[in-house]
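There are 4 protein chains.
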Amino acid sequence: MENWMEELHEECGVFGVYHAAKAAALTHLGLHALQHRGQEGAGIAACENGQLLCRKGRGLLSDALSREDIALLTGESAIGHVRYSTQGGDEPENLQPLTARLGTGMIAAAHNGQIVNAWELRQKLEEQGSILYGTSDSEILLHLIQREKGHLTQKILAACRHLEGAFAFVILSENSLFAVRDKNGLRPLVVGKLGDGWCVASESCALEAVGADFLRDVQPGELLKFSSEGLTSFHYTEDTACRLCAMEYIYFARPDSTLDGKNVHQVRRITGRILAEKDQGKLEADLVIGVPDSSLSAALGYSDASGLPYDVGLVKNRYVGRTFIQPTQEQRDLGVQLKLSANRQVVEGKRVVLVDDSIVRGTTSQRIVRLLRQSGAKEVHLRIASPPIQYPCFYGVDTSTREELISARMDCQELCQYIGADSLRFLSVEEMERAYSGTGYCFACFNGKYATPLFHHKRALELA
Amino acid sequence: MENWMEELHEECGVFGVYHAAKAAALTHLGLHALQHRGQEGAGIAACENGQLLCRKGRGLLSDALSREDIALLTGESAIGHVRYSTQGGDEPENLQPLTARLGTGMIAAAHNGQIVNAWELRQKLEEQGSILYGTSDSEILLHLIQREKGHLTQKILAACRHLEGAFAFVILSENSLFAVRDKNGLRPLVVGKLGDGWCVASESCALEAVGADFLRDVQPGELLKFSSEGLTSFHYTEDTACRLCAMEYIYFARPDSTLDGKNVHQVRRITGRILAEKDQGKLEADLVIGVPDSSLSAALGYSDASGLPYDVGLVKNRYVGRTFIQPTQEQRDLGVQLKLSANRQVVEGKRVVLVDDSIVRGTTSQRIVRLLRQSGAKEVHLRIASPPIQYPCFYGVDTSTREELISARMDCQELCQYIGADSLRFLSVEEMERAYSGTGYCFACFNGKYATPLFHHKRALELA
Amino acid sequence: MENWMEELHEECGVFGVYHAAKAAALTHLGLHALQHRGQEGAGIAACENGQLLCRKGRGLLSDALSREDIALLTGESAIGHVRYSTQGGDEPENLQPLTARLGTGMIAAAHNGQIVNAWELRQKLEEQGSILYGTSDSEILLHLIQREKGHLTQKILAACRHLEGAFAFVILSENSLFAVRDKNGLRPLVVGKLGDGWCVASESCALEAVGADFLRDVQPGELLKFSSEGLTSFHYTEDTACRLCAMEYIYFARPDSTLDGKNVHQVRRITGRILAEKDQGKLEADLVIGVPDSSLSAALGYSDASGLPYDVGLVKNRYVGRTFIQPTQEQRDLGVQLKLSANRQVVEGKRVVLVDDSIVRGTTSQRIVRLLRQSGAKEVHLRIASPPIQYPCFYGVDTSTREELISARMDCQELCQYIGADSLRFLSVEEMERAYSGTGYCFACFNGKYATPLFHHKRALELA
Amino acid sequence: MENWMEELHEECGVFGVYHAAKAAALTHLGLHALQHRGQEGAGIAACENGQLLCRKGRGLLSDALSREDIALLTGESAIGHVRYSTQGGDEPENLQPLTARLGTGMIAAAHNGQIVNAWELRQKLEEQGSILYGTSDSEILLHLIQREKGHLTQKILAACRHLEGAFAFVILSENSLFAVRDKNGLRPLVVGKLGDGWCVASESCALEAVGADFLRDVQPGELLKFSSEGLTSFHYTEDTACRLCAMEYIYFARPDSTLDGKNVHQVRRITGRILAEKDQGKLEADLVIGVPDSSLSAALGYSDASGLPYDVGLVKNRYVGRTFIQPTQEQRDLGVQLKLSANRQVVEGKRVVLVDDSIVRGTTSQRIVRLLRQSGAKEVHLRIASPPIQYPCFYGVDTSTREELISARMDCQELCQYIGADSLRFLSVEEMERAYSGTGYCFACFNGKYATPLFHHKRALELA
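Residue numbers (the numbering used here), protein chains in the order written: chain P, 1 to 464; chain L, 1 to 464; chain D, 1 to 464; chain A, 1 to 464.
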């Protein structure tokens with residue numbers, strides 16, 4: 001597979017508004033609440049009187065779009081996107097929303113997730129005479145739509161049937177807004193009511209941010225159409241399942257979001273409690289601390305169930321600029337030093353239970369344990385609020401297909417030694433299911449049970 | 001007082017390194033840990049072989065200084081500054097460090113604090129034929145030094161004797177580094193050991209960030225000189241007192257900093273405990289939450305002493321860009337909406353104890369209470385981990401000399417109603433002293449007992 | 001015709017290098033010599049080991065491409081483009097070269113000219129399922145190539161047969177360089193020898209700039225292919241003619257360029273002589289001046305033939321920044337004031353023959369005449385070194401299709417009065433042909449005899 | 001002399017407006033006409049109701065000041081500056097106008113020229129307790145004014161008496177405008193009438209640009225004051241002379257400017273005629289060409305007197321961006337290649353007389369001769385419209401104090417060989433005086449007769 005073909009693994013955020021004044025400004029607010037899902041780029045497309053206009057740029061929302069941009073984007077419907085990418089792909093042509101003129105008029109699309117048969121679809125489109133400029137999945141969707149027959153809704157439904165993988169698309173046409181979620185519901189997508197209008201978002205926290213009322217999650221395989229006739233629901237397939245990505249709860253989503261009926265903070269707190277129950281009577285310690293920010297909920301849960309006091313032993317520097325975060329390993333190492341510091345007065349001479357959300361490469365954990373010891377911690381017991389990650393993700397979470405997943409190479413004891421902790425314990429997949437009270441989730445990165453065929457990605461699996 | 005004369009109230013951060021390789025890069029790291037003290041501008045001056053070079057810019061450290069800047073700043077000694085300013089004063093000539101050529105050679109200076117007799121000193125210097133370009137206190141110090149007699153140390157000591165107010169200066173000459181703290185110790189300044197060299201910083205967290213060992217706080221009225229002969233201590237006056245600004249503990253400093261012997265996080269946790277003891281047997285509630293980030297320690301303390309569970313009811317958006325923060329009241333209001341959101345699943349139907357660090361204008365508290373109610377909180381009991389702020393600060397903390405301090409106009413009951421809480425309670429000054437176990441602090445903003453004469457600022461007091 | 005469909009009239013410059021070290025740096029130099037052909041944007045694509053890389057940006061070459069960009073563009077073949085556009089179209093997707101991945105590998109294309117059936121081709125491509133993002137003619141060519149059969153040379157030849165209008169394309173593939181000129185030769189394109197390699201350019205002055213030896217003009221309808229087998233010539237059609245745009249000589253090209261065998265400066269000088277011969281014995285004057293820069297050659301020719309002294313009565317400000325040049329009429333007016341000033345010492349009290357290259361709207365001439373009178377000129381006799389422009393151009397020269405061509409509305413006498421000159425005389429088309437010693441030119445803007453069918457553009461003609 | 005002390009040699013342009021609507025916009029226009037005098041930086045200070053505001057920036061006028069800047073600068077009086085500097089000194093503190101608050105109120109100053117006793121004055125001011133931040137002569141003037149007694153006019157007159165060297169200052173106070181020219185009139189300064197108000201400028205072309213009527217040159221040693229009482233003239237000394245810099249006519253000023261009664265273009269044309277007379281009967285040639293732009297007038301003069309046809313053999317690229325002009329010798333060499341090209345059709349097979357204005361280092365001439373030969377010129381006879389430059393300038397023209405003046409090392413014959421011309425001839429100083437019909441000029445760079453004492457600069461002279 002040539003270099004230019006490297007699919008981008010993108011965990012992103014999408015947002016859409018239909019029939020509300022200042023739709024672009026609302027979308028800006030909504031994206032702001034989704035900024036944690038992507039800081040590499042942002043864009044908004046808005047529609048007024050059948051005229052679509054799009055503005056996008058690199059970096060954080062505040063860098064990517066100016067006040068003037070927002071002011072230009074007039075109209076009562078809009079979609080937006082914040083983008084995270086693990087690879088070079090910061091070419092402007094990969095920024096979203098992507099706009100194009102189809103036979104049916106102007107259209108804009110933005111997506112979150114990863115199409116696993118993107119390479120195969122792209123090949124086929126090119127053989128048929130099309131030229132694709134970028135490498136984004138949205139461009140593939142636009143070409144598929146262009147080549148289908150019928151009115152726009154029919155074309156979108158037909159186009160979706162070609163797609164395998166994880167996706168949540170928002171699509172803006174000259175007079176409608178569409179939102180579609182893949183048939184396994186791998187990526188989250190929620191819909192809310194906003195006055196007479198509607199909005200859709202990757203997470204419920206973005207609905208709150210614009211003052212919308214949460215209506216429901218978009219269902220797996222469902223296409224919602226918002227138009228002058230109101231909200232209509234379609235399904236592009238009957239063959240659906242509930243397989244929301246567990247990493248959304250573990251690491252990715254904001255604690256105040258509620259996805260497929262479960263509040264992220266509360267799920268995390270329960271995982272902390274289960275970790276504490278496993279340690280019951282087996283571990284003596286003085287206090288519990290969490291790695292900010294995503295592990296604080298689990299640390300509180302551990303404190304609840306263990307009775308050990310919760311304290312703030314690690315402080316995160318809120319001002320780590322983007323210039324500091326760089327993809328090389330060396331720079332990642334530096335990143336940890338800059339981002340976290342220990343409060344010596346809290347941990348000195350103490351036996352510390354350290355709760356973290358997950359371990360990918362192990363280097364971050366290693367550094368945090370070292371940091372705590374340098375600040376005088378007597379013992380550091382690391383507890384991970386998820387199972388060992390042993391399989392790569394092809395659905396949009398950047399869990400390291402290329403670099404090694406350390407849990408694929410080391411068992412718990414070896415890993416504990418590598419990290420330098422006094423003890424290490426993970427959640428098991430069964431405990432995870434218990435915490436989530438159900439099996440309707442994708443645990444592929446823990447157990448290798450993928451929700452879809454993997455196409456050419458299979459090779460990556462074999463290598464792992 | 002004409003407009004151009006408006007002194008800038010600046011709570012800033014300073015850092016200095018003497019005799020360590022890559023002094024400018026270390027200063028950059030140190031300033032990074034002090035970034036919370038100022039995000040309006042940053043600068044570093046470094047010295048190699050008697051050659052002083054300075055680079056500075058607006059905005060966050062990562063915007064103000066490039067990698068190239070740091071690479072240019074060679075040598076084993078350096079000073080740096082991060083700047084916060086409440087007024088227009090973002091002219092480049094107010095960025096620090098400030099450099100000048102004195103009779104004794106090149107010199108650079110940066111400071112934190114506020115000189116209360118700046119206007120009087122400036123007038124006198126101009127009458128003597130000097131021209132001052134900017135409005136920073138550092139410029140005044142440089143002119144005073146230029147006009148004194150003797151070698152550089154003598155000139156600095158003599159110059160300090162003219163200054164009244166709060167200050168912590170770091171001064172870099174062609175072969176030495178100086179650090180001086182005002183005679184009341186109003187602003188913090190600590191010194192650490194770094195290999196064969198030294199570093200000084202506004203807060204101890206910056207020493208940790210560069211891997212230095214905390215040595216001690218600089219004493220009130222003390223001038224430290226770092227030179228090829230090592231560290232020498234001078235006192236510019238015998239008439240000293242310990243009056244460290246209480247707001248450093250309450251709001252400004254980082255929780256992992258230890259100032260004048262007390263850890264910020266732990267002092268805050270104690271204030272939370274005292275608040276809980278006051279409520280003992282008088283208040284029924286379901287949970288305690290804190291306003292992130294500065295009030296979380298006090299909220300944990302309240303939970304400790306009350307037995308009420310601590311939870312994460314408010315989530316802070318970490319990506320609020322600088323474009324959103326603007327000094328107008330209207331924009332401040334908008335700021336709260338963007339910065340904080342409530343976790344409905346946590347607070348819905350609950351009686352919430354909400355802990356905050358302080359109340360200045362009251363509008364922020366009002367909005368947070370409203371936010372919690374909109375998210376379903378049944379009751380909101382606001383507890384403030386400091387006394388009512390009734391007096392303006394002239395020592396560098398921007399506690400609103402111009403706009404009204406709401407506690408100067410309303411008593412606790414009126415304020416509770418204004419804010420819309422079910423109950424409101426402050427810490428008393430006596431409880432504050434108990435929490436701090438001592439009286440060696442400046443509580444002027446609570447009790448009007450100022451540590452120094454106020455000169456022409458008195459008028460501001462009369463108006464308040 | 002909807003707004004998004006507005007074809008861009010672009011008189012641009014193209015350059016290409018094959019088999020020469022530092023091909024991108026040479027292309028940069030070559031484009032620099034063509035900068036007068038377009039200042040709105042620039043780009044270069046280079047190829048090394050089958051890897052195509054492209055960099056482009058807005059504005060002058062020095063703004064659009066950095067030293068780093070040039071350094072990145074390694075390899076021995078490259079193409080480049082400087083762009084002029086009359087309409088809004090400064091979207092990044094219209095910058096050239098345009099790159100795409102075709103079935104046959106990566107390709108980059110840049111062009112000068114205007115395809116008159118672009119709208120029709122675009123419609124057809126979309127009906128066949130393609131999506132076109134920009135509005136450039138290069139994108140149409142790429143899509144046509146993608147849809148043709150055979151190897152790349154065959155595909156390009158077949159694609160060209162669909163195109164009607166004026167064009168000079170340079171195309172870079174993974175192992176070859178192509179250059180093609182439309183079958184009427186409406187736009188210039190020359191080829192030179194550079195060591196073991198070759199280069200192609202819109203004007204011969206760019207060959208000189210890189211030290212290449214002029215070889216010959218590309219022939220109408222000819223496709224040149226540069227590859228490891230050397231230079232091969234193809235013709236996409238036998239139905240060719242010589243119709244090089246007369247405006248290239250009159251106004252557009254650089255005086256030191258030689259196009260289709262004629263030196264621009266010398267052709268201009270001859271037109272000046274013919275103007276003088278017409279005035280022989282009929283006009284008394286003191287001196288001849290030209291409007292800098294394009295009319296100086298004709299003014300010298302007038303001086304030659306008339307015996308009147310040539311002087312520098314108008315001075316051009318070389319530093320008119322791009323911020324001053326704006327497309328509104330009001331700003332165009334301001335532009336003249338800023339760009340030109342009269343030398344009072346030269347023109348005061350004098351009867352001046354003022355030579356200009358052409359009149360489009362008449363406002364510029366009006367202002368220059370007024371300027372000379374204000375500076376004391378006693379009489380101003382305007383002589384135009386080309387015939388009246390009465391028809392719009394559809395071949396890439398922005399001669400005002402929308403705004404009125406003043407010579408289409410006024411005869412010479414009316415126009416003289418409008419401009420405020422003491423007398424006004426144009427060249428006739430016959431004299432023009434005499435000056436050019438031949439009829440192998442496009443004089444459509446003077447006589448309405450267009451070289452190609454005009455498709456939907458016909459309507460513009462009717463309106464005019 | 002330490003590095004930081006390196007005085008900046010600055011040939012700049014100044015402009016001022018008093019009592020005219022939109023004074024800053026007029027100043028912008030005026031500076032635009034003076035842009036050839038400096039492209040490194042620009043600034044404007046304007047005054048409304050006693051409030052002075054200043055905006056400045058680096059680069060060309062269009063880069064340095066935005067439309068918003070100009071709109072902000074309200075009021076009926078303004079001064080402006082365009083800056084050229086030969087050394088590093090592009091620090092923002094060296095941009096002009098410089099503003100300061102003196103005892104008498106706010107003041108702004110800008111200057112053209114060079115104070116030769118700047119170092120001595122600076123030393124003395126520092127000994128008296130002042131701090132000077134930048135290295136510009138304007139800052140010295142402001143400090144001198146601040147230290148003098150009396151009202152502002154008295155202070156300025158007294159301050160000027162301390163200054164030795166070449167200067168033309170414009171000074172804006174809260175209610176007046178001042179313009180002063182050094183007692184030898186080394187730098188030009190003219191005054192014009194603009195409606196009810198006035199303007200001053202370095203060259204008369206800037207008066208034309210704003211529509212002002214030329215009034216007269218400011219006299220050597222004269223201080224003009226524009227105030228509500230009209231225009232008043234003072235002289236800071238009686239000891240005056242007329243010694244306007246000859247390089248202004250030769251190279252620096254615009255051809256349409258008239259300085260101290262002589263039109264620049266016409267003086268240049270006369271020098272060309274004298275060169276031709278010297279060749280009379282001694283040189284056979286086919287045509288005359290000039291090096292654009294500054295030598296075209298002299299080339300025309302040569303053609304007048306010799307009867308040889310004038311032609312355009314060299315074409316200047318108008319788009320040489322600032323990124324190409326760099327101070328290193330290597331880059332200077334590259335600069336010539338990019339800036340000039342020969343028109344082969346004009347010079348091929350011809351005996352060319354090439355007229356240039358002056359020779360400093362000789363490398364430019366060398367390259368132009370080589371360029372002409374490469375383009376087929378049979379013979380190249382170089383004629384220089386000024387005498388050999390053998391002495392450095394300390395009055396603001398950057399004629400190479402450091403790098404060698406080639407005419408100080410080689411006689412005419414050696415130089416001819418070095419340059420590669422077939423013959424070379426200069427103007428003699430006597431012919432120069434004849435062309436200028438007088439001796440009231442500074443010819444120091446030709447004959448070493450300096451108009452003022454040189455202070456520490458003498459050393460530079462000895463070295464040369």
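Treat the hints with caution; some may be incorrect.
Where chains are identical, the list cannot tell them apart; a pair therefore holds if satisfied intra-copy or between any two copies.
[To be verified] Calculated cross-link-like contacts (lysine-lysine; reagent style DSS-like; alpha-carbon spacing at most 25 angstroms):
| id | residue 1 | residue 2 |
| --- | --- | --- |
| 1 | Lys282 | Lys22 |
| 2 | Lys155 | Lys124 |
| 3 | Lys339 | Lys282 |
| 4 | Lys339 | Lys316 |
| 5 | Lys350 | Lys378 |
| 6 | Lys124 | Lys149 |
| 7 | Lys282 | Lys193 |
| 8 | Lys22 | Lys339 |
| 9 | Lys449 | Lys262 |
| 10 | Lys262 | Lys458 |
| 11 | Lys449 | Lys155 |
| 12 | Lys316 | Lys193 |
| 13 | Lys458 | Lys193 |
| 14 | Lys149 | Lys339 |
It is worth saying that the hints were derived from the structure and are not from the lab.
Results of checking the hints against the structure:
no.	hint	in the structure
1	Lys282 <-> Lys22	neither (58 angstroms within a copy, 47 angstroms between copies)
2	Lys155 <-> Lys124	both (18 angstroms within a copy, 20 angstroms between copies)
3	Lys339 <-> Lys282	neither (32 angstroms within a copy, 41 angstroms between copies)
4	Lys339 <-> Lys316	both (5 angstroms within a copy, 17 angstroms between copies)
5	Lys350 <-> Lys378	within (5 angstroms within a copy, 39 angstroms between copies)
6	Lys124 <-> Lys149	both (17 angstroms within a copy, 16 angstroms between copies)
7	Lys282 <-> Lys193	neither (50 angstroms within a copy, 41 angstroms between copies)
8	Lys22 <-> Lys339	between (37 angstroms within a copy, 21 angstroms between copies)
9	Lys449 <-> Lys262	within (22 angstroms within a copy, 53 angstroms between copies)
10	Lys262 <-> Lys458	neither (32 angstroms within a copy, 57 angstroms between copies)
11	Lys449 <-> Lys155	neither (32 angstroms within a copy, 46 angstroms between copies)
12	Lys316 <-> Lys193	between (36 angstroms within a copy, 24 angstroms between copies)
13	Lys458 <-> Lys193	neither (41 angstroms within a copy, 51 angstroms between copies)
14	Lys149 <-> Lys339	neither (52 angstroms within a copy, 46 angstroms between copies)
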